[in-house]
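Trainee: Quick mapping for you: the protein sequence lines, in order, are chains E and U.
In case it helps, UniProt numbering puts the first sequence at residues 1 to 417.
In case it helps, UniProt numbering puts the second sequence at residues 1 to 417.
Hints in this document: simulated from the structure, not taken from any laboratory.
Please note: incorrect hints may appear among the correct ones.
Unchecked claim - The list that follows gives simulated cross-link-like pairs (lysine to aspartate or glutamate, EDC-like), each with its CA atoms no further than 20 Å apart:
{"#": "1", "chain 1": "U", "residue 1": "Lys180", "chain 2": "E", "residue 2": "Glu303"}
{"#": "2", "chain 1": "E", "residue 1": "Lys180", "chain 2": "U", "residue 2": "Glu277"}
{"#": "3", "chain 1": "U", "residue 1": "Lys406", "chain 2": "U", "residue 2": "Glu307"}
{"#": "4", "chain 1": "U", "residue 1": "Lys406", "chain 2": "U", "residue 2": "Asp383"}
{"#": "5", "chain 1": "U", "residue 1": "Lys406", "chain 2": "U", "residue 2": "Asp394"}
{"#": "6", "chain 1": "E", "residue 1": "Lys406", "chain 2": "E", "residue 2": "Glu303"}
Number of protein chains: 2
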Amino acid sequence: MGLLRSWVQSANAPDCPFPLNNLPCGVFSTAEDEPRCGMAIGDFVLDLAGLEEAGLVTFDAGPLLDVPFWNDLMEAGPAVWADLRARITELLAEGATEKAAVEPFLAPLSEVTLHMPFLVSEYTDFYAGRHHATNVGTMFRGAENALPPNWLHIPIGYNGRASSVIVSGTDLRRPWGQVKGPDHPAPSFQPSRRFDIELEMGAVVGTSSTGPVTVAEADAMIFGYVLLNDWSARDIQAWEYQPLGPFQAKATATTISPWIVMKSALEPFRVPTPQREVPLLPHLREPGPMLYDIALEVGITPEGGTETIIARTNYREMYYSAAQQLAHHTTSGCPMNTGDLLGSGTISGPDKDSRGSLLELSWGGKEPIAITGGTRTFIEDNDTLTLRGHCAGDGFTIGFGACVGKVLPALADPYAR
Amino acid sequence: MGLLRSWVQSANAPDCPFPLNNLPCGVFSTAEDEPRCGMAIGDFVLDLAGLEEAGLVTFDAGPLLDVPFWNDLMEAGPAVWADLRARITELLAEGATEKAAVEPFLAPLSEVTLHMPFLVSEYTDFYAGRHHATNVGTMFRGAENALPPNWLHIPIGYNGRASSVIVSGTDLRRPWGQVKGPDHPAPSFQPSRRFDIELEMGAVVGTSSTGPVTVAEADAMIFGYVLLNDWSARDIQAWEYQPLGPFQAKATATTISPWIVMKSALEPFRVPTPQREVPLLPHLREPGPMLYDIALEVGITPEGGTETIIARTNYREMYYSAAQQLAHHTTSGCPMNTGDLLGSGTISGPDKDSRGSLLELSWGGKEPIAITGGTRTFIEDNDTLTLRGHCAGDGFTIGFGACVGKVLPALADPYAR
Numbered sequence: 001m002g003l004l005r006s007w008v009q010s011a012n013a014p015d016c017p018f019p020l021n022n023l024p025c026g027v028f029s030t031a032e033d034e035p036r037c038g039m040a041i042g043d044f045v046l047d048l049a050g051l052e053e054a055g056l057v058t059f060d061a062g063p064l065l066d067v068p069f070w071n072d073l074m075e076a077g078p079a080v081w082a083d084l085r086a087r088i089t090e091l092l093a094e095g096a097t098e099k100a101a102v103e104p105f106l107a108p109l110s111e112v113t114l115h116m117p118f119l120v121s122e123y124t125d126f127y128a129g130r131h132h133a134t135n136v137g138t139m140f141r142g143a144e145n146a147l148p149p150n151w152l153h154i155p156i157g158y159n160g161r162a163s164s165v166i167v168s169g170t171d172l173r174r175p176w177g178q179v180k181g182p183d184h185p186a187p188s189f190q191p192s193r194r195f196d197i198e199l200e201m202g203a204v205v206g207t208s209s210t211g212p213v214t215v216a217e218a219d220a221m222i223f224g225y226v227l228l229n230d231w232s233a234r235d236i237q238a239w240e241y242q243p244l245g246p247f248q249a250k251a252t253a254t255t256i257s258p259w260i261v262m263k264s265a266l267e268p269f270r271v272p273t274p275q276r277e278v279p280l281l282p283h284l285r286e287p288g289p290m291l292y293d294i295a296l297e298v299g300i301t302p303e304g305g306t307e308t309i310i311a312r313t314n315y316r317e318m319y320y321s322a323a324q325q326l327a328h329h330t331t332s333g334c335p336m337n338t339g340d341l342l343g344s345g346t347i348s349g350p351d352k353d354s355r356g357s358l359l360e361l362s363w364g365g366k367e368p369i370a371i372t373g374g375t376r377t378f379i380e381d382n383d384t385l386t387l388r389g390h391c392a393g394d395g396f397t398i399g400f401g402a403c404v405g406k407v408l409p410a411l412a413d414p415y416a417r
Numbered sequence: 001m002g003l004l005r006s007w008v009q010s011a012n013a014p015d016c017p018f019p020l021n022n023l024p025c026g027v028f029s030t031a032e033d034e035p036r037c038g039m040a041i042g043d044f045v046l047d048l049a050g051l052e053e054a055g056l057v058t059f060d061a062g063p064l065l066d067v068p069f070w071n072d073l074m075e076a077g078p079a080v081w082a083d084l085r086a087r088i089t090e091l092l093a094e095g096a097t098e099k100a101a102v103e104p105f106l107a108p109l110s111e112v113t114l115h116m117p118f119l120v121s122e123y124t125d126f127y128a129g130r131h132h133a134t135n136v137g138t139m140f141r142g143a144e145n146a147l148p149p150n151w152l153h154i155p156i157g158y159n160g161r162a163s164s165v166i167v168s169g170t171d172l173r174r175p176w177g178q179v180k181g182p183d184h185p186a187p188s189f190q191p192s193r194r195f196d197i198e199l200e201m202g203a204v205v206g207t208s209s210t211g212p213v214t215v216a217e218a219d220a221m222i223f224g225y226v227l228l229n230d231w232s233a234r235d236i237q238a239w240e241y242q243p244l245g246p247f248q249a250k251a252t253a254t255t256i257s258p259w260i261v262m263k264s265a266l267e268p269f270r271v272p273t274p275q276r277e278v279p280l281l282p283h284l285r286e287p288g289p290m291l292y293d294i295a296l297e298v299g300i301t302p303e304g305g306t307e308t309i310i311a312r313t314n315y316r317e318m319y320y321s322a323a324q325q326l327a328h329h330t331t332s333g334c335p336m337n338t339g340d341l342l343g344s345g346t347i348s349g350p351d352k353d354s355r356g357s358l359l360e361l362s363w364g365g366k367e368p369i370a371i372t373g374g375t376r377t378f379i380e381d382n383d384t385l386t387l388r389g390h391c392a393g394d395g396f397t398i399g400f401g402a403c404v405g406k407v408l409p410a411l412a413d414p415y416a417r
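With these hints in hand, go ahead and build the complete structure from the sequences.
Mentor: Now the structure itself:
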């Protein structure tokens with residue numbers, strides 16, 4: 001499939017991240033209007049709430065876009081997702097008869113503010129990249145014990161904190177936490193000195209489940225994908241994570257891209273997971289390709305400086321797909337809900353410059369990496385970290401919008417009021 | 001403080017769990033009415049939503065009880081909680097002038113159905129009982145490594161799954177999961193054979209926070225407490241929990257008691273945490289007694305059989321209080337919200353019959369315990385597990401209602417539709 005041409009001319013450029021093929025879902029506000037649902041098209045955002053109010057988009061179930069989040073639409077299920085997509089494609093296609101009626105609902109992207117695109121019900125983060133798990137395992141437990149015995153059999157995951165998920169562009173603050181170095185007799189409470197990123201994709205659960213679901217059913221439940229940066233305080237993590245896993249090290253913030261790219265926009269880019277080293281049990285086997293060919297990169301920009309791209313990798317490097325992770329998540333009967341967010345786990349490639357965290361890039365801080373105007377082991381105050389991702393189609397591009405966060409200095413006294 | 005006498009005579013019995021001193025918060029329905037907020041008093045439930053509709057209870061902010069959950073009232077904060085309590089105490093006290101107006105809003109407890117008392121925002125579970133951590137650590141890692149190095153310095157916790165929290169009386173089903181015994185070459189997917197309870201208290205967060213809070217501030221944020229049973233599949237847990245903690249082993253269900261006992265009802269029963277073995281860092285020190293003297297017990301009833309009490313312990317055995325846990329939870333800047341639920345961790349005492357899990361009671365399944373008509377290592381199909389708790393006041397009792405769950409057999413095929 002090639003480019004779907006739109007009467008929004010900027011959407012037809014081969015490198016535009018938001019062609020008619022994409023139609024990602026976001027929430028935006030303008031100087032005049034409160035936050036509302038919209039889709040990106042070319043250099044514009046299409047006001048979906050406005051189209052619904054005007055009767056240009058309707059649903060059998062009644063209004064689904066009259067709220068400043070996509071959860072109601074997601075909950076309505078895959079048939080409604082497809083209908084909406086078909087209708088918007090019809091309205092925006094080159095030669096559309098309703099162009100004049102739709103045009104007033106376009107706002108320039110440069111003039112809007114983007115908000116969280118959905119209400120996060122619960123957030124789960126996985127550890128499903130082979131290279132990342134091997135790198136981190138080697139650093140923490142030695143090369144012989146790098147991969148835990150269960151790693152090739154189940155997608156290892158832990159529950160994160162939904163309240164800490166923020167949208168791209170929201171500043172965050174270096175956290176305080178309890179840390180203890182191996183050479184210190186006692187722990188101390190101080191600002192994190194090893195604050196890091198994790199380059200991930202996030203899968204957004206669209207429809208709910210109440211019992212175990214198959215991998216195929218799980219794939220059908222997924223509404224779309226976002227870029228995701230799972231900010232991680234490595235020094236806090238090292239002290240707290242045994243025996244029950246990461247907790248405060250991962251609770252400061254998780255940043256997502258402003259646009260949810262619907263699964264249907266990603267269909268042309270499906271790729272299989274890598275060859276299994278040992279066969280999976282039947283309930284975790286994939287009926288078809290469940291990963292996506294999404295090129296990813298991480299940039300770091302010091303305050304007042306220029307950006308250096310410090311990592312380039314691809315979502316296809318993952319060992320487990322989001323559908324497998326979601327299927328595993330339900331094995332115990334765990335109910336899943338609209339708005340649940342599943343982090344893929346850090347996406348590292350096989351090469352040194354394809355690693356998705358500073359922990360790996362600087363090998364635990366021992367090998368500083370060069371950036372324009374300096375070096376880095378971990379994040380320094382006022383650094384801005386940017387994740388980007390895109391799928392390269394035949395004459396078109398699918399983008400997610402950047403996933404950006406600036407790390408402000410820690411508070412001098414976190415308890416001062 | 002002794003018994004507060006009520007014109008509801010059944011509330012004045014010294015062993016009644018719901019005297020005027022208690023006024024716990026629940027959600028109930030009758031044959032005629034939809035679920036609504038109520039408080040237990042004697043053998044009755046008082047229809048709070050009805051009182052609000054009738055103008056007998058009002059709030060400056062407008063209606064807070066016109067929804068079938070307590071979250072709106074909790075969000076309104078401690079001053080409103082105190083005002084509500086004072087008003088209901090006034091309405092129900094012996095000699096109350098408004099008795100005739102209030103009496104129609106009482107429904108016999110025996111005729112109502114109880115529902116989840118609040119919407120669980122997020123659920124966190126801790127590992128804060130010294131005896132439990134030592135017992136489990138000894139079984140899993142040997143006596144020398146029983147307590148992890150961080151254990152005496154921070155309340156170890158992990159994020160659980162809010163979607164799996166259910167109210168007392170809801171049946172649950174034995175889960176399937178991936179397990180691997182040490183003698184097996186490969187894992188298998190099967191129903192859990194080591195399904196267990198964890199006897200805990202749950203703290204319900206009433207007001208939200210956006211940055212680190214002190215222990216005193218955390219205590220002020222807590223609305224009340226419930227009994228909590230953190231059902232745990234030990235065989236699934238053993239295979240999955242390294243390196244990122246429990247996941248599917250704890251995601252089948254967590255049962256809470258139907259009544260939230262407000263913190264104010266527990267004030268007379270405050271007790272300090274045990275002597276610290278090593279001093280805590282200043283931000284985790286308690287400004288006063290933050291635990292409560294709550295006697296707890298666990299009963300097991302086989303299908304068609306009689307109940308055996310298999311454990312008796314007390315909430316005062318915990319090493320960390322809920323206020324300390326909540327304060328630690330915010331150190332990273334993690335936002336906390338109304339309706340967050342914090343499990344205390346398993347409450348085991350020093351003696352064999354004061355252990356709050358079958359894992360400990362049967363020492364990993366090696367020492368079956370005797371129950372009426374048989375023995376148990378872990379839960380068998382159709383067993384009903386009941387947690388109970390009470391505070392013994394001077395001439396009165398504070399109860400939570402039983403926290404009951406029956407374990408149905410696993411599905412023959414979890415993927416059959």
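Trainee: Against this structure, judge whether each hint is valid.
Mentor: To see whether the hints hold, each was checked on the structure:
no. : hint                : verdict
1   : U/Lys180 x E/Glu303 : violated, 50 Å
2   : E/Lys180 x U/Glu277 : holds, 18 Å
3   : U/Lys406 x U/Glu307 : holds, 13 Å
4   : U/Lys406 x U/Asp383 : holds, 6 Å
5   : U/Lys406 x U/Asp394 : violated, 34 Å
6   : E/Lys406 x E/Glu303 : holds, 9 Å
Violated hints, listed in ascending order, are 1 and 5; each of the other numbered hints is respected by the structure.
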